[in-house]
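Residue numbers (the working numbering), protein chains in the order written: chain A, 1 to 544; chain B, 1 to 342.
No incorrect hints appear here.
Residues on chain B that point at chain A, a partial pick, calculated with CB under 8 Å:
1. Leu29
2. Ile34
3. Gly40
4. Val52
5. Tyr55
6. Arg57
7. Glu62
8. Glu74
9. Leu86
10. Ile99
11. Ile165
12. Gly167
13. Val170
14. Gly191
Not the full set, but computed from the structure, chain B residues with beta-carbon under 7 Å of chain A:
15. Met26
16. Arg56
17. Ile150
Pairs of lysine to any residue residues, derived as SDA-like cross-links and limited to a Cα-Cα distance of at most 20 Å, are as follows:
18. Lys347(A) / Ala43(B)
19. Lys120(A) / Ala31(A)
20. Lys72(B) / Val293(A)
21. Lys139(B) / His202(B)
22. Lys58(B) / Thr538(A)
23. Lys354(A) / Tyr55(B)
24. Lys72(B) / Val343(A)
25. Lys347(A) / Leu49(B)
26. Lys200(A) / Thr64(B)
27. Lys120(A) / Leu28(A)
28. Lys347(A) / Arg56(B)
29. Lys347(A) / Thr538(A)
30. Lys354(A) / Tyr51(B)
31. Lys347(A) / Gly71(B)
32. Lys354(A) / Arg57(B)
33. Lys259(B) / Val285(B)
34. Lys259(B) / Gln283(B)
35. Lys347(A) / Tyr50(B)
Because the hints were derived from the structure by calculation, they are not lab data. We put the CB at the ideal spot given by N, CA and C, even for glycine.
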Amino acid sequence: MTVAADLPIPPGAEPAKKSFLRAKTTFLSWALTTDHKRIGILFFFATTLMLALGGLFAMLIRIEHLTPGPTIMTAETYDRMFTLHGVIMVWLFMIPSIPTTFGNFILPLQIGATEVAFPKLNLASFYVYLLGASIVILSLFLGGIDTGWTFYVPYSAHTPARVLPTCLGIFIVGWSSIMTGVNFIATVHTMRVKGLRWMKIPLFTWAIYGTSIIQILATPVLAMVLIIVGIDHAFDWGMFDPARGGDPVLFQHLFWFYSHPAVYIMILPAMGVVSDVIPTFARKNPFSYRAIVYSTLGIAFVGFLAWGHHMFVAGISTFDAGAFGVLSMMVSIFSAIKVFTWVGTLKNGSISLKAPLLYVFSFFFLFTFGGMTGVALATMALDVHWTDTYFVVAHFHFIMVGGTFTGFLAALHYWLPKVTGRMYSERWALIAWALVTAGFAVTFTPQFFLGNGGMPRRYYDDPPQFQWLHVTSTVGSWALGAGMVMVLVYITYSFFRGAPAGPNPWGSRSFEWRTASPPPERNFQGPVDFAIDAYDYTTPQEPE
Amino acid sequence: MTFALPSWAIRALDLPPEAGPTARDMDALHATIITITFAGTAAVALMTLYYVIRYRRKREFEATPAVVASGKREWIQGALLLGMFLAFWVWGYAQYIHIETPPDHSMVVYVSAKQWMWKFSYDDGQTSNDVLYVPEHRKVRLVMTSRDVIHSFFAPSFRVKQDVIPGRWVNAWLDAAEPGVYPIYCAEFCGVGHSTMLGEIHVLTEAEWAKWRRGADPEEMIARGREAATKNGCFACHTLDGQRHIGPSWSRLYGSQVKLTDGTTVLADEAYLTQSMMDPLAQIVDGYQPVMPSYRGHLQPEDVGAIVELIRSLKDGGGKEPTIALPKLVVEKTGQTTEKQP
Numbered sequence: 001m002t003v004a005a006d007l008p009i010p011p012g013a014e015p016a017k018k019s020f021l022r023a024k025t026t027f028l029s030w031a032l033t034t035d036h037k038r039i040g041i042l043f044f045f046a047t048t049l050m051l052a053l054g055g056l057f058a059m060l061i062r063i064e065h066l067t068p069g070p071t072i073m074t075a076e077t078y079d080r081m082f083t084l085h086g087v088i089m090v091w092l093f094m095i096p097s098i099p100t101t102f103g104n105f106i107l108p109l110q111i112g113a114t115e116v117a118f119p120k121l122n123l124a125s126f127y128v129y130l131l132g133a134s135i136v137i138l139s140l141f142l143g144g145i146d147t148g149w150t151f152y153v154p155y156s157a158h159t160p161a162r163v164l165p166t167c168l169g170i171f172i173v174g175w176s177s178i179m180t181g182v183n184f185i186a187t188v189h190t191m192r193v194k195g196l197r198w199m200k201i202p203l204f205t206w207a208i209y210g211t212s213i214i215q216i217l218a219t220p221v222l223a224m225v226l227i228i229v230g231i232d233h234a235f236d237w238g239m240f241d242p243a244r245g246g247d248p249v250l251f252q253h254l255f256w257f258y259s260h261p262a263v264y265i266m267i268l269p270a271m272g273v274v275s276d277v278i279p280t281f282a283r284k285n286p287f288s289y290r291a292i293v294y295s296t297l298g299i300a301f302v303g304f305l306a307w308g309h310h311m312f313v314a315g316i317s318t319f320d321a322g323a324f325g326v327l328s329m330m331v332s333i334f335s336a337i338k339v340f341t342w343v344g345t346l347k348n349g350s351i352s353l354k355a356p357l358l359y360v361f362s363f364f365f366l367f368t369f370g371g372m373t374g375v376a377l378a379t380m381a382l383d384v385h386w387t388d389t390y391f392v393v394a395h396f397h398f399i400m401v402g403g404t405f406t407g408f409l410a411a412l413h414y415w416l417p418k419v420t421g422r423m424y425s426e427r428w429a430l431i432a433w434a435l436v437t438a439g440f441a442v443t444f445t446p447q448f449f450l451g452n453g454g455m456p457r458r459y460y461d462d463p464p465q466f467q468w469l470h471v472t473s474t475v476g477s478w479a480l481g482a483g484m485v486m487v488l489v490y491i492t493y494s495f496f497r498g499a500p501a502g503p504n505p506w507g508s509r510s511f512e513w514r515t516a517s518p519p520p521e522r523n524f525q526g527p528v529d530f531a532i533d534a535y536d537y538t539t540p541q542e543p544e
Numbered sequence: 001m002t003f004a005l006p007s008w009a010i011r012a013l014d015l016p017p018e019a020g021p022t023a024r025d026m027d028a029l030h031a032t033i034i035t036i037t038f039a040g041t042a043a044v045a046l047m048t049l050y051y052v053i054r055y056r057r058k059r060e061f062e063a064t065p066a067v068v069a070s071g072k073r074e075w076i077q078g079a080l081l082l083g084m085f086l087a088f089w090v091w092g093y094a095q096y097i098h099i100e101t102p103p104d105h106s107m108v109v110y111v112s113a114k115q116w117m118w119k120f121s122y123d124d125g126q127t128s129n130d131v132l133y134v135p136e137h138r139k140v141r142l143v144m145t146s147r148d149v150i151h152s153f154f155a156p157s158f159r160v161k162q163d164v165i166p167g168r169w170v171n172a173w174l175d176a177a178e179p180g181v182y183p184i185y186c187a188e189f190c191g192v193g194h195s196t197m198l199g200e201i202h203v204l205t206e207a208e209w210a211k212w213r214r215g216a217d218p219e220e221m222i223a224r225g226r227e228a229a230t231k232n233g234c235f236a237c238h239t240l241d242g243q244r245h246i247g248p249s250w251s252r253l254y255g256s257q258v259k260l261t262d263g264t265t266v267l268a269d270e271a272y273l274t275q276s277m278m279d280p281l282a283q284i285v286d287g288y289q290p291v292m293p294s295y296r297g298h299l300q301p302e303d304v305g306a307i308v309e310l311i312r313s314l315k316d317g318g319g320k321e322p323t324i325a326l327p328k329l330v331v332e333k334t335g336q337t338t339e340k341q342p
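The shape of chain A in the complex, shown without the other chains (with noise of 0.2 Å):
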């Protein structure tokens, strides 16, 4: 499938004779090269081994929930596989993914930057990533950790399972967070092609920015706390025990005062993918580029401050929990109005249904009614039922999996053209697109009755009044896997077979199109010409 571009193509743009892929071909070529496209990439084999091993836990969870008592696995077991499931989701895929490998490869080509502000430290970022992520993995083998991904004192000072292997390989990948994180920034603020305004970048980079800023603001005490843990254990320093004077409650406020911001890492570069992808399928000017650029900024600071509504009945006082519940009130007001721009960009527009858009939308619906039961959690009182039941649980993978995650399958599709130069089959894709959209409904909305019922989280055995729920549940996680198995399969085989794509499919005007797919080594074999915005589609200019 051949479709030209309808911007005439600038004079570097005609498909490169030697595209970063083929450039160069030796093993070292790729091992040590500080190209970010490529970094990306490697970035996207590295989080996406950690995406398939968190998801075999995930299922083989679900599966331990579909009789009462043990079906496949002892208690010891299960609780060390909820705890590897969300530590490897969390920290070596949701959080790294679509920075590193779509960040690293697209906020270069959007900002008319031939490479990034550091491309060495690029370069041991992923280094420094793989070494983390293997120290995590390899606690798998050192007996396992069963605390669960949020660590809480004085369980995990005294659990029998071992804590530090996985707490040194969080603190190393938190490196890999910052160093991607000030890399990031440093790149937009000085890197920027001459004439290209602050308010005239594109919305993926805008998030990618903001990102960057609560990662090196929040990495830090997550490092530090989660060595105290770890040190607490292995050698029974007792920072937090009461016995001898510590609090537990105070490792609860250090843990969420990053990882309340870990989430806004998670979402935003997702948040950042939908804002791309709705102008370049409905050939139209974001409704509010303002609203947008603003309310990252507004998540990325007042995310900040909410980090206590996760511990309203673990003891706060209510004066407390009330600044939390407004603040989270106050942070979820920025998300929606994100959610309105978007539905808004459509009006008007010239909308074509590809899988990119597909996916947005399953963002939409998965994450507004996330969202909206996050603002019923922040509703104090509902919490108090909620909290620690599967309606949380829900909750966060209604925002993760049904945002997030559907974001990093948007930016697969709609930049996989970019990165290979080829097309994945759009049938395919249609089909693994409604395995995963209903898959995951079918999986999690039964798990917001648990919650109601009363189910608690982690929870080796059920109580039996629940059983059919997760049953439900589990079946649902089976088309959702099948769905993920098939995106990874045909992506795959385009990746070698796909039809050409010619340097810019869909027709987009982001700036990332206006070079060849795949770039060139140095990005754009031409002088960069941006000089019609990246959203303007007023200006129709048919292909010859």
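Got chain A; can you put chain B on it based on the hints?
Showing chain B alone in chain A's frame:
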């Protein structure tokens, strides 16, 4: 501002039965907000669907008008939405303060949590394990602490949850209006037995409560324990009169220091006894074989409490009646003692 939810709505939301007025008020808030959530999501979905059909692409490379949103309208929309969210918060915060503040003159019950059991101590000196007895139409304040890790006292029918934290005393309270039996769950992950840390709240009528307060209960509990132990075959291995058998005797067991196979000793308290029923292989008493099956899922919480009560009643020596046919002890030449069943 509150109303009672009709019973079909409670069933539709899959909420547990309401045990009192607090639960009723919360369900009104719950139903209101979930309805708005559904309406909001449906509005977004329908709007999207409408635009997708109305503005579907009719030919390639169409030009579209550049729309510049009116800043004023955006601010008004944002403010209205924030107003709605803040209204939710005001309603929710008022209820939250109500839930978090035990009323004056409540009856006090002390709660001590431990891996993996609940212990309740009443103002007249009585105690109970895993079953909390409260009278109807009385406000009951729970003063709680944990002896090891963080647990969370969760009574879904009362819509009450409170983390129970070591080193601190925290409060929760119940307003029980409907007599009945309601579950207690531990809602904060506390280790391998987390999902077995179950209990029950028995809301008693005035008459039942008066009877329980008179102390008629311990004997009843012991009798119930004996019945449960018989039904579950405990006496096939454990004796009540101090006789050695396949498992340790229950006589003089409670409160003693028990030596384990790994050389350590533990205090045979409620927690130890409960764990021995749920996860018997975790701590094997020195000199015994690891042969006991787990009773996790087989014993009701109240039966567990009753069996513990039975064992506690034997702390100064067992009952007279032998519970098993006495085995014949044969001392062989090697000096080893073997048991032969008659």
